[in-house]
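Protein chains in written order, with the numbering used here: chain W, 300 to 444; chain U, 23 to 169.
These are calculated hints, taken from the structure and not from any lab test.
All figures in this text were calculated on a predicted structure; none of them were measured in a lab.
Please note: incorrect hints may appear among the correct ones.
[Said to hold, decoys possible] Listed next, with one range per pair, are the computed distances between beta-carbon atoms:
#	chain 1	residue 1	chain 2	residue 2	range
1	W	Asp423	U	Glu35	24 to 30 angstroms
2	W	Asp399	U	Glu132	39 to 45 angstroms
3	W	Glu406	U	Gln68	31 to 37 angstroms
4	W	Gly338	U	Asp96	30 to 36 angstroms
5	U	Gln68	W	Gln305	14 to 20 angstroms
[Claimed, not checked] Over 12 angstroms on every C-beta distance to chain U, these chain W residues come out as not near it, computed from the model:
#	residue
6	Ser308
7	Tyr309
8	Asp310
9	Gln311
10	Pro314
11	Glu317
12	Pro320
13	Asp329
14	Arg348
15	Gly378
16	Asp379
17	Pro393
18	Asp398
19	Glu413
20	Thr425
21	Arg427
Quick reminder that beta carbons are idealized off the backbone N, C-alpha and C, glycines included.
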Amino acid sequence: MPSPTQRQSYDQAEPGTELAPRQYQVTRRDLVRYAGASGDFNVIHWNERVAKSVGLPNVIAHGMLTMALAGRFLTEWAGDPGAITEFGVRFSAPVVVPDDDKGATVEIGGTVAERLDGNQVAVDVTARSDGAKVLSRARAVVRLA
Amino acid sequence: MAINTDYIGRTFEPSEPYEVSRVKIAEFADAIGEPSPLCRDRAAAQAAGYPDVIAPPTFAIVVSSAGSAKVTHDPGLGVNYAMIVHGEQSFAHARPLHAGDVVVTQSTIESIRSAGNMTMLTTVTQIRTVDGEHVCTARSTLVERGA
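Please take these sequences and the hints and turn them into a complete structure.
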């Protein structure tokens, strides 16, 4: 896997290539930080009492934070945070974040699906947490070197 | 009150201009763990061919949320915010947002569909610079669980 400043080559991104999977920890502190950075202060992302009162098992991560982690996974592979030209996900299950030092573990992987014009590839992305598939229909178009 | 299907196709007023800043981009990159110097250091971004520090691809949600709040908080639309979850999200970028961009967002309700006791509200938000350059199209589906 390239270092953050080294770019992934289009010629070496054959369809079927598996991106090296990564694991990300998401703690309550990360949810607070993301709420501030994104401006999404929805209470289910920081208040356990309210999250449970609306039927959730616990505080859950912002769907957009999980999508951002998948985006970061792809741009680290590409070697350029500006490499993604299209990106879409369905939020299929919440990432449940317990109130402890470890938080939730989100496992992200990807597979090059097809080669496109303009040095772009389509990549199918998977994201799982605590045995659940948290993103589905997750696909990005990534411009490579 | 259910979500009002008369709103299908309605385009809302554009947002106020939003100035994309290096500080906010860096804060967002820190929050998602994006390590690239291109999201923090102007010289590094310019060496990579960008005009200034560039935003990670989902940063567009920070910009589009002001415009989309006009949609979800419209009293006539009838969204019950307490029963909403984010169902789907997509972005199509003409180019990355960068520090110095001044952008305006405008949202249109693309569809309102029911499935069982759930209602799906899909909104398309265009992000353009104040000079009219299209930068990003964001499409968001919110799912409202019925009572």
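Hints, one by one, checked against the model:
1. Asp423(W) to Glu35(U): 24 to 30 angstroms: With Cβ atoms ~37 angstroms apart, the hint is violated.
2. Asp399(W) to Glu132(U): 39 to 45 angstroms: 40 angstroms, holds
3. Glu406(W) to Gln68(U): 31 to 37 angstroms: With Cβ atoms ~35 angstroms apart, the hint holds.
4. Gly338(W) to Asp96(U): 30 to 36 angstroms: 19 angstroms, violated
5. Gln68(U) to Gln305(W): 14 to 20 angstroms: For Gln305(W) against Gln68(U), whose Cβ atoms are near 18 angstroms apart, the range 14 to 20 angstroms holds.
6. Ser308: Ser308(W) is indeed farther than 12 angstroms from all Cβ atoms of chain U, at 16 angstroms.
7. Tyr309: 16 angstroms, holds
8. Asp310: Holds, since 20 angstroms exceeds 12 angstroms.
9. Gln311: Nearest chain U Cβ is 20 angstroms from Gln311(W), so the label holds.
10. Pro314: It holds; Pro314(W) is separated from chain U by about 22 angstroms at its closest Cβ, greater than 12 angstroms.
11. Glu317: Label holds. Min Cβ-Cβ 21 angstroms, cutoff 12 angstroms.
12. Pro320: 16 angstroms, holds
13. Asp329: 7 angstroms, violated
14. Arg348: 14 angstroms, holds
15. Gly378: Incorrect as stated: the minimum Cβ-Cβ distance to chain U is 9 angstroms, not above 12 angstroms.
16. Asp379: At roughly 7 angstroms from the nearest Cβ of chain U, Asp379(W) sits no farther out than 12 angstroms, so the non-interface label is violated.
17. Pro393: 8 angstroms, violated
18. Asp398: Correct as stated: the minimum Cβ-Cβ distance to chain U is 19 angstroms, above 12 angstroms.
19. Glu413: Given a closest Cβ separation of 17 angstroms, the condition holds.
20. Thr425: 16 angstroms, holds
21. Arg427: Answer for Arg427(W): holds, closest chain U Cβ roughly 18 angstroms.
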